[in-house]
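Trainee: These are the residues of each chain, in order.
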Amino acid sequence: MDNIVNNFINIPLQKEPDFWSFDKINHIRELTVTGNPYRIFVKNNNSLRILDNINFKTYNDNITLNTHGNTGSDLADMEMSVPLYLGDMSYGALSGNPNLAIAKSAEITKTMSGTGEGGLYRDIASYKRIFIQWASARFGVTAETLNAGSGIVIKIGQGAKPGIGGHLPANKVTDNISGARKIPGNIDAISPAPHHDIYSIEDLSQRIDALKLLTDKPVFVKVAATNYVPYIVTGIARSGADGVIIDGHGAGTGATPVVIRDNLGIPVELAVASSHNILVKENLRKNFKIIAGGRISNSTDAAKLYALGADFVSLGTSVLIAMGCVMVRKCNLGYCPAALTNKTDNKKLFEIDFGVNNIINFIKGFRIELENILDHLNLKNITELTGNKDLLIADNLSKNTLNVLGVDYENIKNTGYSLENFIPDKKYLNGLINKGEPPITSMGSNAPPDVIGPSRIVDFLRLDGAQVTRPSIDPYREDISLNTNLSGGKISLSLPVIFDVSDSSDKIKEGISWASLFMNTVVIDNKIKNKYKNITLRKNNNYYKYKNYIYTYDYSNKNASGYVIDDNNLLKIAGLNKNLKNRRENHDILLYVHEFRNTGDIAKYIALGADTVILPSKIFEYGISNMADLNEKALNFIIAIKKELSLLCGAMGISSMQNSLTGNVELLRSINLDNSISKILNLSEAGSE
Amino acid sequence: MNYYPSSCGLLAILRKNNSEKIHGKLVSNSLNSIRYRGSDKGSGYATFNLNDNNSYKIKVFYNGNEEKLNKILSKSFDIHNYYVENNNSVKSYCYNLGTIDLNSINTVNDVLWENKSGRIYSSGTSLDVFKGVGYPDDVADEYNINNMRGDLWLAHTRQPTNSPGDEPYWSHPFSTFNVAIIHNGDISSFGANREYLKNHGMKSFVGTDSEVISYIFRELLKKYDLITTIKIMGNKIEDKYTKYINRGYVLDGPYTVVIGYDDGNDLYLIGLTDKTKLRPIILGEDQDNYYIASEEKEIKLINKNARVWTMKPDSYFIASLKNGLINSGREKIKYTENYDIDNYDIDASSIDYNKLDNEILKLNQGDITVKNVLGHKYIGIKTFNKNYNLNLYGNAGNCLMNLNENNNVTLHGNASDDCCDSMSGGKVKIFGNAGDVLGQALNNGRIYIRGDVGNRCGIQMRSYDNKPYIVINGEFDNYLGEYMSGGTIIVLSGNGHSGRYIGSGMIGGKIYIYGKINSRAVGIQPGFKNNILKALLMESLIDNELYETLRNKNFIDIIGLLPEEAKKYTEKFYNKHEIPSYSYRHLNKIEYDELYPVIKDFDSEMKTNNIKKLNNKFTVIERMI
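Those protein sequence lines, which keep their order, are chains X and G. When we follow the working numbering, the leftmost residue of the first sequence carries the number 1, and every step to the right adds one. When we follow the working numbering, the leftmost residue of the second sequence carries the number 1, and every step to the right adds one.
Don't take every hint at face value.
Cross-link-like lysine to aspartate or glutamate pairs, in silico, EDC-like; alpha carbons within 16 angstroms at most [said to hold, decoys possible]: (1) G:386 x X:144; (2) X:578 x G:195; (3) G:382 x X:216; (4) X:281 x G:167; (5) G:223 x X:585; (6) X:490 x X:585; (7) G:568 x X:632; (8) G:236 x X:479; (9) G:576 x X:479; (10) G:304 x G:286; (11) X:581 x G:219; (12) G:534 x X:510; (13) X:281 x G:166; (14) G:567 x X:632; (15) G:427 x G:603; (16) G:382 x X:144; (17) G:355 x X:216; (18) X:581 x G:195; (19) X:435 x G:571; (20) G:576 x X:437; (21) G:568 x X:437; (22) G:71 x G:110; (23) X:57 x X:390.
Label pairs and their computed distance ranges (CB to CB) [as the list claims (entries may be wrong)]: (24) X:144 x G:339: 33 to 41 angstroms; (25) X:576 x G:71: 33 to 41 angstroms; (26) G:589 x X:427: 51 to 59 angstroms.
Calculated directly from the structure, the hints in this document are not laboratory data. Glycine included, C-beta positions come from ideal geometry on N, C-alpha and C.
Sequences and hints are given; from them, build the entire structure.
Mentor: Printed below as a string of structure tokens:
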């Protein structure tokens with residue numbers, strides 16, 4: 001019986017900052033083991049997360065089992081013991097038995113669970129406290145399954161990958177999954193990025209209408225928290241849905257491209273606060289439920305989100321942790337040490353009863369913690385907590401962030417952004433260079449500025465993910481143009497990236513130049529090699545010369561084809577755009593990126609007003625482990641960046657990058673960035689209307 | 001459960017040169033028939049009446065002191081007279097002026113918008129915009145639209161998605177001098193477009209993507225003719241310099257834009273859609289008028305016998321009062337028959353758009369004939385497993401026979417978008433055309449189409465235990481069989497007309513297209529093939545001779561001819577199934593035997609004669625291995 005997993009395994013040492021810290025995992029395990037409350041009004045003083053900088057005005061960490069508060073509420077016409085939704089993990093992402101354990105636990109604890117998009121495993125349909133997904137790939141969708149649960153979730157997006165579809169890597173598409181999803185085995189199952197029946201709010205309301213006619217059950221819409229979330233949520237409310245599931249940045253997933261996970265989407269606390277506000281204002285809040293997901297680690301997080309406007313919180317990662325997850329982030333590979341996300345034909349089997357007992361205890365402890373919180377807040381019912389922002393107080397957040405939250409505060413953060421030293425991500429760069437593919441990862445983001453400390457202005461920025469009002473574009477299988485025209489149309493690039501190879505050895509120069517030729521882009525060098533003369537811009541101190549094409553720092557030079565700005569001088573871009581006025585149409589703006597974290601930077605600099613970016617070849621050198629096969633490595637690097645840019649553009653709903661992204665600050669949002677900087681760059685805060 | 005589905009709907013009608021002016025009542029009635037697409041958050045109308053009398057008129061929304069408004073306006077305009085047109089909380093004033101120049105409108109708007117106190121929302125010689133907060137009939141009543149007549153009408157009902165909805169500023173149409181636009185879309189390039197306009201001197205914006213489109217149109221017309229202007233906005237310009245200097249004037253995201261424009265001599269009705277036509281647009285014509293609508297029903301309500309056609313993706317429509325049809329939005333407009341029937345069980349003409357199933361379920365019989373189907377949606381959603389034999393006459397709305405399990409349905413007319421989504425059995429036969437996304441995730445059963453299909457037919461089609469088929473007698477638009485993982489699509493038209501990106505992302509199943517198609521239309525191929533070949537040649541991965549051979553071929557045809565070492569580099573472009581394989585050949589015995597009974601049945605059901613085609617060559621598309 002060695003192959004049955006029915007015990008916790010040890011939590012490995014965390015070498016890098018992780019939102020799911022040892023303390024958080026340990027808290028969940030305490031609840032799981034005892035079924036009793038552990039800690040309330042938890043403070044995370046050094047955390048950068050916005051929610052951690054909001055606390056209840058009341059502080060009292062005493063815990064008792066003799067509580068008075070009532071955590072009961074209702075969802076989909078059913079009585080709920082505590083406002084928890086066990087969220088949307090698919091059969092396929094999880095290995096089957098964990099899916100069953102979750103559905104069974106929801107039944108026993110009188111909560112609700114979501115099935116995800118992979119169809120139903122074994123007898124999950126016999127449980128009533130489930131929401132069935134209508135997702136873009138239609139896996140397992142039949143009239144019968146749609147009727148099986150208590151409600152339906154139209155999945156538009158998820159916090160871990162706004163704007164792109166579900167992704168089950170080939171090695172996890174086993175015979176079982178192949179049968180459940182009716183697709184061939186051993187090949188990536190990538191759901192379409194958009195719903196091809198839902199390109200607009202009016203299409204969404206049609207689909208809701210149709211699903212209600214079919215099932216007569218409540219319909220919820222799940223969206224990733226992105227730039228237009230308040231308007232999207234009002235649209236959803238008007239379209240006849242019974243509620244929305246707002247999934248924030250940092251939420252978990254079985255597989256996602258790193259570049260999407262770390263650069264798109266906004267914190268759920270901002271999205272919930274503004275969505276609640278606008279719904280109240282537009283008289284749409286009554287009989288409409290807000291379920292908030294993404295980084296809810298304990299009852300304190302949940303209580304704060306209720307107070308900001310949520311009716312329910314969705315737990316995903318914390319439920320996995322309750323079942324033994326130790327956050328090794330290998331879900332996409334299929335060999336989970338806790339047997340939760342391993343391949344469905346794996347010999348290692350997760351014991352259902354172990355999972356059920358753990359979740360029951362976890363939810364019981366969670367509930368009693370919430371009851372204690374209610375008692376300390378002098379509230380009788382949890383429903384009185386929803387939207388009760390007066391109970392909260394924030395500290396050390398930016399003014400724009402506070403405006404979105406609408407809570408009282410002590411100090412405004414106005415001390416300039418405190419920056420950490422920039423360290424490039426060698427593992428990520430290595431992934432691009434060795435595979436020529438966007439690196440895929442799993443579980444929630446730890447990107448700056450909320451977990452890892454920010455070191456540059458762009459670390460405070462997130463890109464939009466198209467949700468409902470416009471469809472995202474499938475980045476793998478549809479036509480997205482990254483073509484970039486420079487210098488009056490005399491230079492055409494297939495992607496907005498130019499490499500400066502002038503500081504590199506001949507071997508590196510050769511590799512990058514060859515790959516640039518292959519990929520139809522250009523390089524910058526201080527010497528022009530004959531065989532690359534058509535794709536080389538010559539560099540001469542601060543001047544880059546190519547035929548009639550001159551770059552200079554002197555913005556008054558009207559003969560220049562373009563101007564170069566350094567990333568450490570980013571704020572200049574705003575002034576340049578303003579000063580050029582109608583001359584802008586004849587000039588390019590190129591942004592020199594000395595500090596490159598990932599491809600998201602490129603998209604952000606372009607959205608801030610650059611036509612293209614220049615990357616020094618040092619970045620490539622940092623990512624290679626040896627000097628073999630440089631041509632292929634350089635090609636991999638450029639093609640992977642191209643694919644990542646397609647992912648980002650597709651997710652934003654952009655089909656032509658230069659036309660649609662250049663200077664498009666609407667597609668950016670700042671996260672807790674100093675107002676003075678937001679103002680210069682003309683940026684809106686995440687969640688703002 | 002009480003709920004009110006809603007969003008954007010539009011309608012435009014241009015009269016023909018020898019016809020009478022169009023009654024406002026016709027317009028408001030037709031728009032009101034799709035009021036479920038909009039909300040009480042805004043509707044509007046624009047009418048153009050071509051004249052030579054040089055009377056200039058502007059209309060202003062203003063919520064402040066009337067004298068102050070007069071003062072502001074008189075600084076820039078020669079005011080002849082004015083009156084209050086609408087006495088709502090934000091009043092509408094109408095001014096007759098001596099003359100108008102474009103810059104003054106912008107300057108005045110900058111002043112008025114400083115405190116969001118007002119905005120010029122209509123200006124021109126022939127143009128009148130009427131807009132407000134409310135449903136189409138409310139706003140029509142407010143302005144007495146029903147008693148007006150016009151050469152050209154635009155009408156719009158709105159569901160706000162990214163701007164407020166409680167004041168009239170954000171209602172459509174948006175206008176600049178003698179230009180009115182209505183729009184159903186969400187422009188993802190909006191921020192970039194706005195920056196570009198700002199660079200070119202525009203200062204104040206009420207803040208919607210729709211407004212920005214009208215400014216871009218005006219701005220481009222200063223430098224270019226109408227067709228070039230439309231092409232720049234729609235990203236269809238080839239010339240590199242023109243493309244470059246107008247790079248911020250290109251529209252992206254899903255949109256259907258309808259523009260009314262008076263160039264001083266003639267009135268134009270223009271329709272423009274994004275490259276994959278993500279928002280609905282139906283074009284129409286009858287003896288008297290040209291039409292653009294969101295739903296076929298709007299046109300057919302005006303004239304049951306009007307001919308209608310769909311816009312080709314990435315295309316545009318232009319008609320003018322004096323010159324008639326200038327660009328039809330399709331290479332060839334086909335006529336679809338209007339079917340009628342004398343013996344019927346249900347007359348759908350008085351049945352709500354979403355209630356036809358209720359009437360079907362009330363009848364206690366297996367064979368049911370319905371006449372006057374017009375835009376009814378979700379037909380079959382409640383009868384998915386009831387084994388009916390349904391005969392429908394007319395034009396079905398969106399989502400016909402979704403999730404169908406065993407019904408046998410014949411539609412004598414057109415089907416709209418999202419037909420047969422997730423169907424797992426039964427048979428659906430359509431004698432007219434089908435719209436976009438027909439047979440998505442079809443996993444069992446058959447779909448027969450006598451006419452054409454739109455974008456994304458058969459996407460995600462799959463088969464596990466069963467063999468689903470889609471047979472198309474006509475043509476198809478883009479992304480046929482995208483993401484397909486099983487089943488069979490057969491296209492029989494064989495005239496070489498086809499959409500692009502066929503079989504993109506295919507991981508299973510087969511597509512048979514009668515005749516030869518251009519291999520450029522298969523999958524997603526990189527557009528810089530020559531650079532790739534040059535780089536391969538430079539590294540001696542191909543020789544000169546091969547280089548010359550490959551230079552004039554499409555990427556997909558190069559793949560198979562490359563040596564293995566070279567493939568190592570090129571296959572990086574298709575490892576996520578961007579490109580399927582294709583071959584142009586005769587069917588083999590197994591294929592012939594499989595398709596024979598299917599086509600035989602198709603011919604007999606659809607009254608066509610295709611069976612002999614099986615002896616000729618097909619383009620066969622399947623997953624690349």
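Trainee: Would you mind confirming whether the straight-line C-alpha gap from residue 281 of chain X to residue 167 of chain G stays at or under 16 angstroms?
Mentor: Cα-Cα ~15 angstroms, so holds.
Trainee: Within 16 angstroms, alpha carbon to alpha carbon, are residue 435 of chain X and residue 571 of chain G?
Mentor: Cα-Cα ~12 angstroms, so holds.
Trainee: Does the structure keep residue 386 of chain G and residue 144 of chain X at a Cα separation of 16 angstroms or less?
Mentor: The given pair, whose Cα atoms are some 13 angstroms apart, holds under the 16 angstroms limit.
Trainee: Taking 16 angstroms as the top limit, are the C-alpha atoms of residue 57 of chain X and residue 390 of chain X close enough?
Mentor: Distance ~9 angstroms between residue 57 of chain X and residue 390 of chain X Cα, so the pair holds.
Trainee: Is the hinted pair residue 427 of chain G and residue 603 of chain G satisfied, with a Cα-Cα distance of at most 16 angstroms?
Mentor: holds (14 angstroms)
Trainee: Tell me if the straight-line CA distance from residue 581 of chain X to residue 195 of chain G falls inside 16 angstroms.
Mentor: holds (10 angstroms)
Trainee: Can you tell me whether the CB distance of residue 144 of chain X to residue 339 of chain G sits inside 33 to 41 angstroms?
Mentor: Once the Cβ atoms are compared, 34 angstroms apart, the range 33 to 41 angstroms for residue 339 of chain G and residue 144 of chain X holds.
Trainee: For the pair supplied as a hint, residue 490 of chain X and residue 585 of chain X, confirm whether the alpha-carbon distance does not exceed 16 angstroms.
Mentor: holds (14 angstroms)
Trainee: Taking only the CA atoms, is the gap from residue 281 of chain X to residue 166 of chain G under or equal to 16 angstroms?
Mentor: holds (11 angstroms)
Trainee: Has the given pair, residue 223 of chain G with residue 585 of chain X, been kept, meaning a C-alpha gap of at most 16 angstroms?
Mentor: Measuring from Cα to Cα gives roughly 14 angstroms; hence the hint holds.
Trainee: Could you grab the alpha-carbon distance between residue 236 of chain G and residue 479 of chain X and see if it respects the 16 angstroms cut-off?
Mentor: holds (15 angstroms)
Trainee: Given the hint that residue 568 of chain G pairs with residue 632 of chain X, test it: the Cα-Cα distance must not exceed 16 angstroms.
Mentor: The given pair, whose Cα atoms are some 9 angstroms apart, holds under the 16 angstroms limit.
The structure meets every hint from the earlier list without exception.
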